[in-house]
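Residue numbers (this note's numbering), protein chains in the order written: chain F, 1 to 695; chain H, 1 to 301.
FYI, nobody ran anything at the bench for these hints, they're computed from the structure. Among the hints, erroneous ones may be present.
When the alpha-carbon atoms are kept at most 25 Å apart in a straight line, the in silico SDA-like pairs for lysine to any residue are as follows [to be verified]:
| hint | chain 1 | residue 1 | chain 2 | residue 2 |
| --- | --- | --- | --- | --- |
| 1 | F | 561 | F | 525 |
| 2 | H | 78 | F | 617 |
| 3 | F | 588 | F | 141 |
| 4 | F | 380 | H | 87 |
| 5 | H | 249 | H | 285 |
| 6 | H | 87 | F | 538 |
| 7 | F | 572 | H | 96 |
| 8 | F | 588 | F | 622 |
| 9 | F | 582 | F | 563 |
| 10 | H | 96 | F | 565 |
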Amino acid sequence: MRELLVGNLTWESLPHEWSTIGGTLTFILLGIFAVIVITRMKRWKWLWNDWLTSVDPKKIGIMYFIVATFMLLRGGLDVIMIWLQQSLSAGTSHGFLSADHFQQIFTAHGNIMVFFVAMGFIFGLINFIVPLQIGARDLASPFLNTLGFWLYVAGVIMVNTFFLFGGKYAATGWLGIAPLSGTQFSPGVGVDYMIWALQISGIGTTLGAINFIVTILKMRAPGMKLRMMPLFTWGSLCSMVMAVTVFPLLTATLFLLFFDRYIGTHFFTTTLGGNAMMYTNLIWMWGHPEVYILMLPAFGIFSEVVSTYSRKSIASYWSAVFGMIGVSFFALSVWLHHFFTMGAGGDVNAFFGLMTMVIAIPTSVLVFNWIATMYRGRIKFSTPMLWFLGFVGTFAIGGMTGVMLAQPPADFQLHNSLFLVAHFHTMVIGGVIWGIFAGISYWFPKMTGFRLNERIGRYAFWCWLVGFWMAFGPLYVLGLMGATRRLDHYDNLNWQPFFVVALFGGILIAIAVGLQLVQIAASFIQKRQLADNTGDPWDGRSLEWSTPSPAPFYNFVNIPKVTSRDAFLQMKNQGIPKPVYKDITMPKTISLGIYIAGLAFLLGFGFIWEITWLIVVSAIGIVVCIVLRTFDEETEYIISAAELEKMEKARTQKLLARLRHDDTYKDEDMGLREFYKSVLTWSQDFVKNKRWKTF
Amino acid sequence: MMKRKKMPSSGKSVRIIFLGLLSLAVLIVGLLHGKDLVLFNPKGQIAQNQAHLMLFSITVLVAVAIPTLSLMYFFAWKYRESNSKAKHDPNRTLGKLSVVGLWVIPIMVLILLASVVLPATYRLDPHKAIVSDTKPLTIQVIALRWKWLFIYPDQNIATVNYLQIPINTPVQFELTADEAPMNSFWIPHLGGQLYAMTGHSNLLNLIADTPGIYAGQAAEINGPGFSGMKFVARASSDKDFNTWVKTVKWSSNTLDLAEYNKLVLPSQNNPVTLYSAVKPSIYDTVLLKYEGAHNHQTEQK
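Using the sequences and the hints, build the whole thing.
Next comes the structure, spelled out in structure tokens:
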């Protein structure tokens, strides 16, 4: 009876390692706290109507940022635990984590950072910026977009579910390499959690990518030819095309692994003709392009940043475009460099080694192009530009080590070593994460209506840069000393100092992340004097700057007509046309996305714990929801010209009122001391005047 | 607007301090740990060739990267906002010739690298036998959970987690695995790694030229016993090697199928074990246990 109801779920499977229980408590307490605050503030309705069911890509983008930030902290805590264990566990000491637990941590770290942090931020940026850059009001399919987002959230919850319902996470490395991930070597639910977390969010990614390709190809402002598209949109287009190409492959591979585990097939097992090498091939055919799916939008961001802050057009637009197209093309033919060491022989290795080195060509072209853009510019060192300068130096070193790893004979020595770990972190942190930070501080005014605090932003940047090299420099050295990755214990005491330095680097990075949170909080405190009243704080060049900050939910009063690249710059030079108020059609809110994602989560949960009734019910539920959606014909509503005019006037009134008060503010970004003081005053006031009662 | 006067100078000084610290760190590492940088202190021909290739590519890449990065940071400094003397050319884009240069420079560098790397890929293919006058020594390696079993078919001895080889003699490692996930067999001092997989005999050729004790390890994650799955590789003179073989012969353990079946059971941090005799066909039995077994060695012949 019990098995019928809850499958394999038992009391014994609940978490019992102390650090896992810590996670459990944190999640429960945060949840309770959020519920209390929202209930007291009577914000449930607002939350549901204005945010959760919203189809506005800008709101969805911000929700992506919030979820991804939480996951960044969660994945970051994993790193500190990994490095602490590696600093302690040398020689006769064995650290504070068991081997199995350590392996679960780095597996979760990899999954979370790639799928739920990097992908989350990238999708958030694409959601927010691409429609604005191409002069569209919304996306081709607002429904697919909210569905994609909620599937991503379902994946996020799935990856953390073991905190609440127990079992373990996978201990196989982030790709779940077979046959280690088969039931023979990984019994239990760990790998199943991983499969379903990636499966659900992966399907969301595929849907999102299709949506963005159609949006970029079909919904550009009148007159905007492909050759006039801003470079971030180009990078996003390349990235989304790659995602559509390879994400189905991930889905298929994970299904095969799932069949192996659930119904006992032998695709990747060691026995009965299973071929584990096939898994390695399939997963890397997705896995390598995945890195570039993250990288290409970041290239786009840096292109925008360097051009805007140098006050120059990009030096060679076509080189940048073909550089990005070239990267996405060649990225599909390099996957085998992840396992030269399988012993495929000279011909195969030589081909894939060569293709991998070829990718360095379009990438170098992009870098040279940015340098040429700075030539005879007028460079303003705002934080996005600092991220860019930090990125190029770091990325160059990552690229060089990448070319080394691309050479099969050298790779035999460097593969699976910490050198490799340091290399891909250089690329993903130095390239993707810093690109995301540059993008967020660049477009922050467009999202919130005020700029980010520059002063604390600079502190955060330097902590990140120094912390990064303190953390990963030693890993390069350790790799050259012959240290393999993923060691929970080692005998060679000469390695220990390097791990300790890496730990301190990690702590410095944690401080940097803390500073970034402070930076955002400080900007909220000072939002009146950081306000962006013009909608164009950086003297921007592309269409997103032509609309006020924060961008209204309909994006533009009039869809602009485009005649050239740097469309907004040209508008500014020729005079901005007066707004004409006309009726606008906008999509209605949709709650089905949440329901489908919730059911998908339950479906995965049912498969993980083998709860048959749950599988059946949620599968039927998903089908019913999709059918319901197809009958939903009234998906749009109209904002009349009069309403639009009223909203625009009200906004202008508010802006004028604010401008009258502006001169009372101090003219400087808040530093850490002022931040501390204002937080102290605020909390004193909060306690003294019992402010919680007024919520 | 914000005041930005302070910023560039403070940024620059931090950058200089940072670069100084970085180079100091590199120097300290170089001085103190030069010998520990195993990959650049090869003890055999294969590892040496691999190290040379790495050093060659580092040289080429640094030669490209330093001017590029210097140029970038120079531009960043020269065309800074506060330098009103520098020319500002907001509409300047690259001419056709410069665009060609943009693409040709990396292509040239790639051709240079590829012309060295591609031949090296064939020359240093791990399956390729090492040219030498000495008759090669064959060692069969079985990756188990979580220990390494080494069988010396010609000497009819076997060891667990301990490997001894004569110097200046090419060694052919035949790698497979049994009841274990994918493994990677790596002795960094002697050369690159190769995967050991069930039902698959992979061939790795290495050679040692200096006597010494070298660490060997499993390089691919394979379960909870992963970090304890390591072994000692000892390279010694021919004479020492022969003496060692004789000592092993004194061991009371022998490796027959019954003993092997015990060994296959998962265990962690195994001590070194020596076997004075081996049932001759164990490696082949293990290999053929798996359907569709694939033998690189026979394929090459």
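Against the structure, the hints come out as follows:
{"no.": "1", "hint": "F:561 <-> F:525", "verdict": "violated, 37 Å"}
{"no.": "2", "hint": "H:78 <-> F:617", "verdict": "violated, 66 Å"}
{"no.": "3", "hint": "F:588 <-> F:141", "verdict": "holds, 12 Å"}
{"no.": "4", "hint": "F:380 <-> H:87", "verdict": "holds, 15 Å"}
{"no.": "5", "hint": "H:249 <-> H:285", "verdict": "holds, 23 Å"}
{"no.": "6", "hint": "H:87 <-> F:538", "verdict": "holds, 20 Å"}
{"no.": "7", "hint": "F:572 <-> H:96", "verdict": "violated, 28 Å"}
{"no.": "8", "hint": "F:588 <-> F:622", "verdict": "holds, 21 Å"}
{"no.": "9", "hint": "F:582 <-> F:563", "verdict": "holds, 22 Å"}
{"no.": "10", "hint": "H:96 <-> F:565", "verdict": "holds, 19 Å"}
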